[in-house]
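First residue of the sequence shown? That's 1 in the UniProt record's numbering, and the numbers climb one at a time after it.
Because the hints were derived from the structure by calculation, they are not lab data. Some hints could be false.
[Stated by the list, open to error] Lysine to any residue pairs mimicking SDA-like chemistry, simulated, CA-CA at most 20 Å apart: (1) K247 - Q209; (2) K13 - F98; (3) K247 - A214; (4) K247 - N213; (5) K13 - C100; (6) K13 - P41; (7) K13 - T91; (8) K13 - A87; (9) K13 - D23; (10) K247 - I220; (11) K247 - A223; (12) K247 - R200; (13) K13 - R27; (14) K13 - D97.
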Amino acid sequence: MEPADMPNAAVLKQGVGEISNADEDLRYGPGCAFLLPADRPSATLIGAVTMATLQVPLTVVGALAEEWTGMPAADLRFAAMAPVSAARQGTFGRTVDFICDQLVTSAITEIEPLLAQELTRLAAAAILETFPNTTMTAGYLAGPGWVAWATVDRATEYIDARAGRPITVEEVAAWADVTVFALRYSFQQRFGTTPEGYLRRIRLERAHQDLSNADPTSGITAAGVARRWGWASLSQFNLAYLRRFGKLPGRASQN
Numbered sequence: 001m002e003p004a005d006m007p008n009a010a011v012l013k014q015g016v017g018e019i020s021n022a023d024e025d026l027r028y029g030p031g032c033a034f035l036l037p038a039d040r041p042s043a044t045l046i047g048a049v050t051m052a053t054l055q056v057p058l059t060v061v062g063a064l065a066e067e068w069t070g071m072p073a074a075d076l077r078f079a080a081m082a083p084v085s086a087a088r089q090g091t092f093g094r095t096v097d098f099i100c101d102q103l104v105t106s107a108i109t110e111i112e113p114l115l116a117q118e119l120t121r122l123a124a125a126a127i128l129e130t131f132p133n134t135t136m137t138a139g140y141l142a143g144p145g146w147v148a149w150a151t152v153d154r155a156t157e158y159i160d161a162r163a164g165r166p167i168t169v170e171e172v173a174a175w176a177d178v179t180v181f182a183l184r185y186s187f188q189q190r191f192g193t194t195p196e197g198y199l200r201r202i203r204l205e206r207a208h209q210d211l212s213n214a215d216p217t218s219g220i221t222a223a224g225v226a227r228r229w230g231w232a233s234l235s236q237f238n239l240a241y242l243r244r245f246g247k248l249p250g251r252a253s254q255n
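All chains, full assembly: derive it from the sequences and hints.
This is the structure we're talking about:
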């Protein structure tokens with residue numbers, strides 16, 4: 001197999017197989033996860049197998065790595081095909097099942113743009129946390145530095161004005177003229193959450209407004225509003241809503 005041009009991870013559902021390259025030989029069976037090498041060819045021996053796969057643009061995975069650690073996105077490399085642990089393999093498998101259910105097996109025929117972005121970010125995070133890579137072995141990285149509150153204000157204004165469309169932390173950082181790592185650190189200091197967490201707070205507020213203003217005869221549902229604002233799981237939306245507003249969504253049906 002030729003190298004993949006983006007991180008391509010799989011979880012085997014049925015069957016057995018082998019995959020090997022110059023550095024690694026891996027045998028896998030049901031429940032096993034592996035990452036196809038992006039920088040060297042590999043040979044695969046498989047029978048009749050069923051697997052679920054995730055492919056995420058390398059730019060997205062690299063940007064998330066930089067946001068988390070401050071390591072330049074271009075320095076991201078994956079070091080092995082096998083997961084870092086059995087526990088992470090199990091978590092990765094459940095994440096793949098969840099994403100595939102949303103995109104493939106659910107009855108939803110159209111994915112909201114914000115939900116598509118959230119699922120892509122979830123997939124990128126799962127790959128970063130599951131397979132050995134340079135974020136786990138990087139040496140000294142410079143700290144985020146000092147960020148003025150006025151810079152944070154510019155970032156929040158940008159988020160508030162654009163919460164209804166897919167935006168990235170890189171966009172926000174560029175607008176505020178800071179690195180994504182510094183922006184993440186400054187949001188933790190000021191709001192106790194990341195820029196992504198702050199964005200989800202704003203989107204939850206907008207979802208609350210939509211539900212509060214909904215005509216009971218309009219057919220608007222809590223599930224539809226949740227997807228509109230980036231929640232794939234209605235139960236997670238309900239929990240976030242309950243924590244923020246002290247009640248479950250009440251003005252619209254949850255079906």
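Does the structure keep K247 and A214 at a Cα separation of 20 Å or less? 17 Å, holds
Does R200 lie within 20 Å of K247 when you go C-alpha to C-alpha? 18 Å, holds
Between K13 and F98, does the CA-CA distance stay at or below 20 Å? Between K13 and F98 the Cα gap is close to 14 Å, so the pair holds against 20 Å.
Straight-line Cα separation of K247 and I220 no greater than 20 Å? 18 Å, holds
So if I understand the rule, the pair passes when the alpha-carbon distance is 20 Å or less; does K13 with C100 pass? The hint holds at about 13 Å.
For the pair supplied as a hint, K247 and N213, confirm whether the alpha-carbon distance does not exceed 20 Å. Within the cut-off at roughly 16 Å; holds.
Can the restraint linking K13 and T91 be considered satisfied, given a maximum Cα separation of 20 Å? It holds: about 15 Å lies between the C-alpha atoms, which stays within 20 Å.
Agreement of K13 and R27 with the hint, judged by alpha carbon distance not exceeding 20 Å: 14 Å, holds
Would you check the hint for K13 and D23, treating anything up to 20 Å between C-alpha atoms as holding? 25 Å, violated
Run the distance test for K247 versus Q209: straight-line Cα separation, threshold 20 Å. 14 Å, holds
Need the status of pair K13, P41: alpha-carbon distance at most 20 Å? Outside the cut-off at roughly 24 Å; violated.
Would the hint linking K13 and A87 be met if the CA-CA limit is 20 Å? Holds, at about 17 Å.
Against the hints set out earlier in the document, violations occur for numbers 6 and 9.
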